[in-house]
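There are 2 protein chains.
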Amino acid sequence: MPDQPHIVLIGAGNVAWHLGQQLQAEGGDVVCVYSRSAGSATALAKLLDCPASTELSEIPATADWYLLLVPDSKIGGVAEKLQAHISPNALVMHSSGATPANVLAPYFMHHGVFYPLQTFSKERVLDFNEVPLCLYTAQEGDYQRVESVAKRLVKNVYRVGDEQRAQLHLAAVFVNNFTNYLQYIGQAISQENQLPGALLQPLLKETIAKLDDLTPAEAQTGPAIRNDIPTMERHLALLKDHPQWTLLYKQLSMGIAEDLGKK
Amino acid sequence: MPDQPHIVLIGAGNVAWHLGQQLQAEGGDVVCVYSRSAGSATALAKLLDCPASTELSEIPATADWYLLLVPDSKIGGVAEKLQAHISPNALVMHSSGATPANVLAPYFMHHGVFYPLQTFSKERVLDFNEVPLCLYTAQEGDYQRVESVAKRLVKNVYRVGDEQRAQLHLAAVFVNNFTNYLQYIGQAISQENQLPGALLQPLLKETIAKLDDLTPAEAQTGPAIRNDIPTMERHLALLKDHPQWTLLYKQLSMGIAEDLGKK
Numbered sequence: 001m002p003d004q005p006h007i008v009l010i011g012a013g014n015v016a017w018h019l020g021q022q023l024q025a026e027g028g029d030v031v032c033v034y035s036r037s038a039g040s041a042t043a044l045a046k047l048l049d050c051p052a053s054t055e056l057s058e059i060p061a062t063a064d065w066y067l068l069l070v071p072d073s074k075i076g077g078v079a080e081k082l083q084a085h086i087s088p089n090a091l092v093m094h095s096s097g098a099t100p101a102n103v104l105a106p107y108f109m110h111h112g113v114f115y116p117l118q119t120f121s122k123e124r125v126l127d128f129n130e131v132p133l134c135l136y137t138a139q140e141g142d143y144q145r146v147e148s149v150a151k152r153l154v155k156n157v158y159r160v161g162d163e164q165r166a167q168l169h170l171a172a173v174f175v176n177n178f179t180n181y182l183q184y185i186g187q188a189i190s191q192e193n194q195l196p197g198a199l200l201q202p203l204l205k206e207t208i209a210k211l212d213d214l215t216p217a218e219a220q221t222g223p224a225i226r227n228d229i230p231t232m233e234r235h236l237a238l239l240k241d242h243p244q245w246t247l248l249y250k251q252l253s254m255g256i257a258e259d260l261g262k263k
Numbered sequence: 001m002p003d004q005p006h007i008v009l010i011g012a013g014n015v016a017w018h019l020g021q022q023l024q025a026e027g028g029d030v031v032c033v034y035s036r037s038a039g040s041a042t043a044l045a046k047l048l049d050c051p052a053s054t055e056l057s058e059i060p061a062t063a064d065w066y067l068l069l070v071p072d073s074k075i076g077g078v079a080e081k082l083q084a085h086i087s088p089n090a091l092v093m094h095s096s097g098a099t100p101a102n103v104l105a106p107y108f109m110h111h112g113v114f115y116p117l118q119t120f121s122k123e124r125v126l127d128f129n130e131v132p133l134c135l136y137t138a139q140e141g142d143y144q145r146v147e148s149v150a151k152r153l154v155k156n157v158y159r160v161g162d163e164q165r166a167q168l169h170l171a172a173v174f175v176n177n178f179t180n181y182l183q184y185i186g187q188a189i190s191q192e193n194q195l196p197g198a199l200l201q202p203l204l205k206e207t208i209a210k211l212d213d214l215t216p217a218e219a220q221t222g223p224a225i226r227n228d229i230p231t232m233e234r235h236l237a238l239l240k241d242h243p244q245w246t247l248l249y250k251q252l253s254m255g256i257a258e259d260l261g262k263k
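These protein sequence lines map, in sequence, to chains A and B. When we follow the working numbering, the leftmost residue of the first sequence carries the number 1, and every step to the right adds one. When we follow the working numbering, the leftmost residue of the second sequence carries the number 1, and every step to the right adds one.
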């Protein structure tokens with residue numbers, strides 16, 4: 001792969017939207033955006049000032065780098081179709097945290113994974129430079145070239161194999177999905193009691209800001225870590241109409257006591 | 001209570017440290033800091049340029065407002081001792097989210113709760129103006145006077161009764177304690193797999209920043225909400241050496257599916 005590679009984006013969703021702009025600015029030449037959805041392909045292609053395509057058979061066959069930015073369940077199917085249309089020397093990478101690299105192995109000798117560890121929404125402005133990029137290539141010779149492009153895109157690039165990436169994706173579920181759900185519960189409890197959900201926002205902000213200075217183990221407070229049983233019993237009584245949240249409260253409190261409690 | 005009340009702080013911990021400075025700057029005259037610990041009392045009194053005391057019998061008897069900023073389990077005991085030394089007309093308030101106002105009722109006619117909804121550490125700089133203050137007074141006539149001082153301290157003041165405050169404290173456990181614990185798990189998974197915990201920080205920051213624009217229900221993503229069973233099964237296999245986190249993963253995923261999943 002040359003220093004200024006020709007790049008084809010397969011997919012025009014949230015990841016493609018942010019990554020595509022950064023690639024076009026710093027990484028190389030995005031020469032085509034493919035999506036089954038003409039609207040999505042056209043919108044992103046317009047933003048990147050390049051052609052759009054809705055047919056895999058029509059995308060450039062001799063680009064250097066094909067990035068599969070599609071849902072996990074579509075990667076295999078798209079790869080199989082793509083193989084018929086592009087050069088066997090092309091480098092093809094998917095961007096999924098949860099999918100092994102070798103789903104691409106039957107189709108492309110030069111393959112790998114380009115996993116940006118972030119939650120993307122088209123509507124939000126994001127400093128892409130801060131997104132950690134986790135890279136893997138099946139051929140050792142491909143790694144340095146991908147890394148050198150990646151380092152122009154972001155501050156922090158990591159070499160991460162399949163097993164590590166799967167664990168990282170799992171950790172991200174705790175940090176993103178589950179953390180968000182706890183905010184849902186917190187706001188729901190407030191709203192059920194005629195209190196505005198925004199009341200909790202300063203507490204949430206400071207909870208997270210503290211982690212710039214402290215490890216989560218150092219920052220942990222609350223009834224569970226100090227084994228304050230009367231407070232926990234009052235909380236469980238308040239949760240009596242929410243059996244699911246009651247179980248969660250118990251499970252989280254037991255986890256805190258077990259992992260972080262004073263032995 | 002006058003517009004510029006004389007205030008005694010009972011307690012010199014994290015809450016007193018931040019609240020005391022804001023009271024001295026905007027609320028009135030802090031005339032004494034009491035703590036059983038001479039070191040804590042002296043340090044805060046020096047910061048506030050007022051006398052320190054380590055004996056309840058020696059604090060000013062005729063101040064307007066006594067704030068009990070002590071651990072929940074100490075409130076009743078301190079109140080009982082305090083009663084012997086101060087004017088029966090004084091207003092006495094505790095600052096606990098989890099404690100009913102009426103623990104003070106046996107001792108003081110004018111009592112209430114002054115609950116700042118935030119996590120405080122002496123080491124951290126905090127914009128106190130952003131801290132929501134949740135107020136309650138047993139005597140209706142006391143409320144307006146406390147509120148008018150409180151509004152000089154912070155942007156947002158809420159009138160919150162015992163039941164609402166208990167629920168709010170419960171919600172705060174989800175938003176602060178449990179959220180922090182999920183970050184512990186995320187970092188622990190990373191570190192067990194030789195990945196730096198800081199890798200997850202940009203994802204956490206964006207997870208929280210998104211909630212400026214979206215409700216948690218709108219922001220929810222991940223395998224649980226889309227019922228992606230193969231991904232959840234892979235995650236559970238990765239957690240096989242962590243039975244506690246396995247239960248949590250299942251419980252949180254079931255909660256997301258039940259509360260937020262597409263029906």
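The hints are simulated quantities; they were obtained by calculation from the structure and are not laboratory data. The reader is advised that the hints may include incorrect statements.
As the list makes no split between identical chains, a pair holds if one copy fits it or if it spans any two.
As the list claims (entries may be wrong) - Lysine-lysine pairs mimicking DSSO-like chemistry, simulated, CA-CA at most 27 Å apart: (1) Lys46 x Lys151; (2) Lys250 x Lys74; (3) Lys151 x Lys205; (4) Lys46 x Lys122; (5) Lys122 x Lys74; (6) Lys262 x Lys122; (7) Lys155 x Lys122; (8) Lys262 x Lys74; (9) Lys46 x Lys81; (10) Lys210 x Lys262; (11) Lys210 x Lys155.
Could you figure out if Lys250 and Lys74 sit no more than 27 Å apart (CA to CA) within one copy, between two copies, both or neither? between (38 Å within a copy, 26 Å between copies)
Intra- versus inter-copy proximity for Lys151 and Lys46 (alpha-carbon distance at most 27 Å): Classified as within: same-chain Cα gap 26 Å, cross-chain 51 Å, threshold 27 Å.
Is it within, between, both, or neither for Lys46 and Lys81, if the alpha carbons may be no more than 27 Å apart? within (25 Å within a copy, 74 Å between copies)
One pair to classify: Lys151 and Lys205, alpha carbons no more than 27 Å apart. Within, between, both, or neither? Close across copies (22 Å), not inside one copy (30 Å); limit 27 Å.
My question is about Lys155 and Lys122: at a cut-off of 27 Å on alpha-carbon distance, are they close within one copy, between copies, both, or neither? For Lys155 and Lys122, only the intra-copy Cα distance (21 Å) is at most 27 Å; the inter-copy one is 33 Å.
Check Lys122 against Lys74 for me: Cα-Cα at most 27 Å, and say if that holds within a copy, between copies, both or neither. Classified as within: same-chain Cα gap 20 Å, cross-chain 51 Å, threshold 27 Å.
With identical chains, the pair Lys210 and Lys262 could be close in the same copy or across copies; at 27 Å between alpha carbons, which is it: within, between, both, or neither? Cα proximity of Lys210 and Lys262: one copy only (21 Å, versus 35 Å across).
At 27 Å max between alpha carbons, let me know whether Lys262 reaches Lys74 within a copy, between copies, both or neither. Result: close only across copies, 21 Å inter versus 47 Å intra.
Please sort Lys210 with Lys155 into within, between, both or neither, judging by C-alpha distance up to 27 Å. Answer is both; intra-copy 23 Å and inter-copy 22 Å each pass.
Evaluate Lys46 and Lys122 at a C-alpha cut-off of 27 Å and name the case that applies: within, between, both or neither. So Lys46 and Lys122 pass the 27 Å test inside one copy only (15 Å; across, 52 Å).
Within, between, both or neither, where Lys262 and Lys122 count as close if Cα-Cα is 27 Å or less: between (44 Å within a copy, 22 Å between copies)
The structure meets every hint from the earlier list without exception.
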